[in-house]
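**Q** Single-letter residue listing:
2 protein chains.
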Amino acid sequence: MKRHISKRAAGVKRSTIRELLKLTEKPEIISFAGGLPAPETFPHNELAEIAADELRGHYKNVLQYGLAEGSRTLRRAVIDWLQPHELAPTLDQLLVTTASQQGLDLIAKAFLDPGDVIFCEAPTYLAALQTFTLFQAEKIGIPLDDDGMNLDILEEEIAAAKRAGKTTKAIYVIPDFQNPTGITLSLEKRKRLLKIAQQADLLIFEDNPYGQLRFEGESIASIYSMDTEGRVIMLFTFSKVLAAGMRLAVLFANDADLMEILVRVKQASDLCTSKLTQHIAARYITEYKMEEHLEQIRECYHIKRNAMLAALEKYMPVEDGVSWTRPDGGLFLWVRLPERIDTEEMFPRAIDKEVAYVIGSAFYPDGGRQGRNEMRLSFSLNTPEEIEEGIRRLSEVVREEIAAKRVGLAAV
Amino acid sequence: MKRHISKRAAGVKRSTIRELLKLTEKPEIISFAGGLPAPETFPHNELAEIAADELRGHYKNVLQYGLAEGSRTLRRAVIDWLQPHELAPTLDQLLVTTASQQGLDLIAKAFLDPGDVIFCEAPTYLAALQTFTLFQAEKIGIPLDDDGMNLDILEEEIAAAKRAGKTTKAIYVIPDFQNPTGITLSLEKRKRLLKIAQQADLLIFEDNPYGQLRFEGESIASIYSMDTEGRVIMLFTFSKVLAAGMRLAVLFANDADLMEILVRVKQASDLCTSKLTQHIAARYITEYKMEEHLEQIRECYHIKRNAMLAALEKYMPVEDGVSWTRPDGGLFLWVRLPERIDTEEMFPRAIDKEVAYVIGSAFYPDGGRQGRNEMRLSFSLNTPEEIEEGIRRLSEVVREEIAAKRVGLAAV
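Read top to bottom, the protein sequences are chains U and C.
Note that my numbering numbers the first sequence so that position 358 is 358, with each residue one more than the last.
Note that my numbering numbers the second sequence so that position 61 is 1061, with each residue one more than the last.
Next up, chain U with everything else stripped away, as it sits in the complex:
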């Protein structure tokens, strides 16, 4: 039946990373691979109480179909919550999505024709790349500096794409504690990025899953909040601030025409998001203290990030050229090994030593040529003790790999 598969879907390759992740499921393995939020951050008792109450008292509403644009109750709750921040959308500027992955699907459907160019960070969020690939967009990766995307290169690449007669459509960016590197886009660069988008007439898709999870430094205004033209669409998920299993996010778009199209496309995609999960989230936001809850989450990840940084400093062979990022928030950091090391080749040996990571090349839009000596480590799921032990194991693997390559080089 393979002959019936669309050209669109045929372009989405089986992901190596999914295969590798299967190897990490054994309980004896300390895995830094998954991007899962820490379950201790889920306010489960409160959610249980709310869920039971909604299902008993409001079942006619929460078990029924809802509006494609999302429940007014949830959208109002989000507005009230974010009012004190720089974000103040109106009801019509919010679209509830079945988590941010659906947000990506909707913007790809609504804005990307086959061959359209989308610029993104290199490396960037893997599942966003999959969605852009599915919709047959051309992804152009822009290297990351310590303060985010290299905007000189972005300008060059935009100019080159325009010269080549391509339709340049959008920039996809994760400004805060980016997945996979943990890097944050500086305020100066946010302003310049918006200016570049204005000059080149590009949309900006600003993915903001970790913005609320800053545990160090001062928070930086979103690009969405600086935009006056409706050029920026922001994705804001509940997966890391409430619970991933609720599959809930909100998309912000200030341009009425774009929102109108997004709502139509949303309706064709799943009619509406579960009203049950929407109303549970709305009541949690309204009845409990979000700021206190977020403070606990930040504290949780702060401790874990500190444990990982301390272990990396203690065990990793810096003298051999191993380096890593130092994120101010979020769930991830990024390790760079000497160029001759291939993290995909090394992976089975890490599994033998009962530790796991995600190979760096998986996150590059070029499909695996770049990032071969890099890896993503998540500090979200393990305890500080497990983190220390896991990094100890990983460092051993890295040291052995470097030594083996040195012998190999000497033999040449």
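Some hints could be false.
One-sided and incomplete, this derived list gives chain C residues near chain U with beta-carbon spacing under 7 Å [claimed, not checked]: (1) I1005; (2) R1247; (3) R1264.
Since the hints were made in silico from the structure, they are not lab data.
Glycine included, every Cβ here is placed at the ideal spot set by N, Cα and C.
Could you slot chain C onto chain U? The hints should help.
**A** What follows is chain C alone, placed relative to chain U:
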């Protein structure tokens, strides 16, 4: 910003029906318009108990990300439930989707390239048409007889499309108590439809939201159950047998290659369906008696359908050529008025009389030329008393409309 909209999304028109539905929201209106399941069929107390228990005791699991293919717990529960029926898929032949609208989105993504031809009933499910339109497929409507799709015409249309050099891809069909007409595809026609699909090498998308809701007559085997080649993909939603607000369905596909692609596409669409709603449904199916629960739902709709049929017989001017279907299950029936009556033109007058329906033309793949004298009535939401009163009002509108047209004709 309109210039940034994709060709794909630009093709999805603002739906007239959404605008019309807004008019039906006033509480004094008896609306037969919406396709909503009856809230009294939601087992809300049981769901409340399960939800609270899952969130308290299993939050690490149900509030976390899950597998793209769906929770094994739910897939096993579905298999055990459907084992005594003719359906016996294996775990790998089931994909959990965020309700069947997402199932439609996934099959469109996975199988339909722009210009591919999909044959469907005329009239058919409105939101399926929207999805096929979004993916730029060519929809060819096949008229309905009392026993389902006219297969002679289907064969002619397939031959004509092949002669024209088009890529004929699939047949979309709702065999049981079809939305919008309530018509059921006969066993003979199911067998012949499968044979036609084999000969023309087409996939069959079998949408089965109402199959469990038969309140009269004998149930008929699904096309999926007769297929030995993996050519049929079946969509099976929980929206009408458990609760629409949970946004939960299961897709059946026996061909491993097609399932592999569907899982990849699912992952790019929303990563996974809410594990919370999946586990609530799985426990309900496992711990409660589905057959007893379904019996109650069938009884509920049976009473309401009877009330609607009785009221139609009592009030409608049959002598003027008004006719309707007599569904053996499901939520809908279909009314045909004399050809000179236009149900869209008549709509404001129905609203004035405080009764609502959905205009027939909305359900035709040709975009509104056919079905202008037809309408869909849903008997799911109102009480038998409201149904009688609503049909009385509607009949008055129809009688006046017929009389006015007669005067108009006489005047010509």
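**Q** Given a cut of 7 Å on the nearest C-beta pair, is the interface hint for R1247 of chain C held or broken against chain U?
**A** holds, 4 Å
**Q** Going by Cβ atoms only, is I1005 of chain C closer than 7 Å to chain U?
**A** Nearest chain U Cβ about 5 Å off; hint holds.
**Q** Regarding the hint that R1264 of chain C lies at the interface with chain U, is the smallest CB-CB distance below 7 Å?
**A** Holds: closest Cβ of chain U sits about 5 Å from R1264 of chain C, inside 7 Å.
Of the numbered hints stated above, none is contradicted by the structure.
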